[in-house]
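Student: What follows is the residue order along each chain.
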Amino acid sequence: MNENGTKVSAGDRGMGIALRSLNRLAGSTLLDRVGIRKPFERMIFSTTKGGFRSATAAARTFKAAQTLGKPARQRSGKTRDLFDLSPDDEQQMFQEAVRDFAAEKVRPAAGDADAKRAVPGELLDQANELGINMLGVPAELEGVMEEQSAAAGVLIAEALAHGDMGIAYAALSPGAVATAIGRWGTADQESTYLPAFTGEDTPAAALAVLEPAALFNPFELATKARRDGGDWVIDGTKSLLARAQDCELFVVAAEAEGIGPALFVIESGGDGLAIEDEPAMGLRPAATGRLVLDGARVPAGALMAEGEPGAYAECVQRSRIAWCALAVGTSQAVLDYVIPYVNERTAFGEPISNRQAVAFAVSNIKIESDAMRLVTYRAASRADQGKDFGHQAALARRLSAAKGMQIGSDGVQLLGGHGFVKEHPVERWYRDLRAAGVMEGALLV
Amino acid sequence: MINLETPKKFKPLVSQAHQVATEVLRPISRKYDAEEHAYPKELDMLAAVIEGVNEGGELGGAGAGGVRRDSENGGDEGNRNGSNMATVLSIIEMCWGDVGLLLSLPNQGLGNSAIASVANEEQLELYGGKWAAMAITEPEAGSDSAAIRTTAELDGDEYVLNGEKIFVTSGDRADLIVVWASLDRSKGRAAIKSFIVERDNPGLKLDRLEHKLGIRASDTANFILQDCRVPKEALLGSPEIDTKRGFGGVMQTFDNTRPLVGAMAVGVTRAALEETQRLLTEAGVELDDDAPAFSQSAAAARFLEMEADYEAARLLTLQAAWMADNGKPNSLQASMAKAKAGRTCVDVTLGCVELCGSVGYGENELLEKWARDAKILDLFEGTQQIQLLIVARQLLGKTSAELR
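Residue numbers (the numbering used here), protein chains in the order written: chain A, 1 to 445; chain B, 1001 to 1404.
Be a bit skeptical, because a hint or two may be false.
As the list claims (entries may be wrong) - Footprint (simulated), chain B over chain A, 3 or more residues, beta carbon under 8 Å:
{"id": "1", "stretch": "82 to 96"}
{"id": "2", "stretch": "256 to 268"}
{"id": "3", "stretch": "286 to 296"}
{"id": "4", "stretch": "373 to 382"}
Claimed, not checked - Pairs of lysine to any residue, SDA-like flavour, derived with a Cα cap of 20 Å:
{"id": "5", "chain 1": "B", "residue 1": "K1398", "chain 2": "A", "residue 2": "A357"}
{"id": "6", "chain 1": "B", "residue 1": "K1398", "chain 2": "A", "residue 2": "F360"}
{"id": "7", "chain 1": "A", "residue 1": "K78", "chain 2": "A", "residue 2": "A139"}
To be clear, the hints were calculated from the coordinates, so they are not data collected in a lab. Cβ atoms here follow ideal geometry from the backbone N, Cα and C, with glycine treated the same way.
If we strip away everything but chain A, and leave its shape as in the complex, we get:
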């Protein structure tokens, strides 16, 4: 018996001894003196998790089906005259199809995908068949939209995230790479990579902007690209990529020597590229991981948009709108879930929704999620009309970080202890909604 009167088994005692010796080592100054405490701690963590750094997936051979004289681009839409909150027919068609898919396929698969950190391949294929990864592919390259439509992207992301944010992230990530190449790729990059995104077997791909650093600022990147002969050599770490282990193609943001922050297209499988698993609080179906670039060498032609700074800024802004759209969708999911719950749950002899403290929380979820939606729509619609939208994207991001998280928290709160357990999805939404204010890059509209 130990001091608390608990009986300790022989096995426990063995573990106790091991822990004690580890603890002694951890407490000694030796590690600090030789400067290996951090690496040591990380090693302990990783070995307990079981080997964690691996090579990137083997990429398919990306081959140009045609040569383009100049990059193909979707045109921006016309300036609209009237204030209007109704989607057009094409947008509505997409929205309805994705809504049905989210309700029938995504939501039922969400709990399991969260637990397993994987989305069933079949589900990703079905999502892909809806055309969600082709929205930013120019029509010349067999895309589906003549005009760019950030609004369509927002409506689709919102509808998918109503099903599940983590699955939405996994499903939309390849589309972000296709859109980036469709908007800022060279003619060569477009003809080489985009055909893979319009077929059936779409590659996993990631738009890698975020880095593992507190106060990360996408305009001050730690990932560096230096010129070496005719090549670029890139060093740095990118964080929280969807399905990192499966990715065949990356668009990587790096501070390019003599240029500033810029985007590079990088195929998986090369030297100097490795994947680290990076499980997080939420977005678990997306099996998030890091991309570690250690002297990764790419040809001069890997640089996108000739390093034009406006293109990179636009990429960051469009990503923020996409994450806002996910936050809107998941917030709506919270609202739709708590309404019947608080009406059915009784306490003190009546439904808890008869109490203002409960009812007002529901009102505020509705008010803030609708407002967040409108601000997000405005940013997207300005982008579609070729107007500046960085300011509106910043406002939408602020709301999705603050109000989106509040909604996630209130969703759990309204279910009380039941919200804390996995029998209900609100704890998952709580974890996922934190992502909206954290993520940079990764998705695009």
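Given the coordinates of chain A, assemble chain B onto it according to the supplied hints.
Tutor: Chain B only, in chain A's frame:
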């Protein structure tokens, strides 16, 4: 097609309203805040100009058009941007100038709204073109307007009104007061009707004018109604007590006026944000849309947060107006807009004073005044809590008996 920009066709209107706010309201804003109860005579000229421009239409105050759901709102392919949106846009501009003065604009009272909403042709003929205030609140009945005690008894061809009314905006200055009274207190809210009382009716006695925290340019009157006789024709709407329809007509006015109060709050909020941005820039604070909020200064991060709430409130207000223009039921959205805009206005104006320190707090600038004016916008036309109740009842499918 999704588009949340201000429609081009309203740009001249917005620009006119902004000119008025800049040239007429702002210069006298501090003056009438300091001289509470002084009549802002500059507004008579303005009222005449406004009537000249659009016959009491879109450019104007809270009681301007936008309460009748007319079919001449204009637009294409089934999408309309009409008088509701125009009114909201012009109120935002005017309140960027001064909300207390907007509330004091002759012929633009809330009573005008009620008359425009429910009056019949003869009443429109008789009372049109006059300034009408609205008298609902009583000492014992604020948010709970069904509990009002003022009574109206039919005596021959006249109704006799008895009771006490408080918080009547522009009550002393208006030509008419629309008084809410009960035909039969045992029949609850269905018996509550509105009556038009001429200001010079001997039965209508001014008790006092309030001294207030803000909107001091706008007079707030308390009245005693003592055997106040009005002709039978002064009753607005139907004299029938229809217990099934309940409040019906009288409450309907609020669905239309709530977005207007939302617009007032949006205008005041923007005024404070613009001034604060100017002062922060002077103080060397840079606002960067691209850098994450938390990698900027705390002041910049706070400013961004306030601006985000402002944009949220503004778009909810426009949404409510857009729905009204398009004949969509918007009672829920009207309350959401009012709730968000009201609380945002208070939070932001107070936050701006805090950011600007003694410059914000002192009377040399208008920031402290806007922070005082702001509070009424989260109170009148239904407090924050009442709006949240309305929203919750609709979302949860509750009656007012279930969710009280």
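Student: Take the hints in turn and mark each one as holding or not.
Tutor: Verification of the supplied hints:
1. 82 to 96: Holds, because 8 residues of the stretch 82 to 96 of chain A bring their Cβ atoms closer than 8 Å to Cβ atoms of chain B.
2. 256 to 268: It is violated: at least three residues are needed, and the stretch 256 to 268 of chain A offers just 0 whose Cβ sits closer than 8 Å to chain B.
3. 286 to 296: violated (count 0)
4. 373 to 382: Since 7 is at least three, the answer is holds.
5. B:K1398 to A:A357: It holds: about 15 Å lies between the C-alpha atoms, which stays within 20 Å.
6. B:K1398 to A:F360: 13 Å, holds
7. A:K78 to A:A139: 18 Å, holds
Figure legend: structure checked against the earlier numbered hints; hints not met, in rising order: 2, 3.
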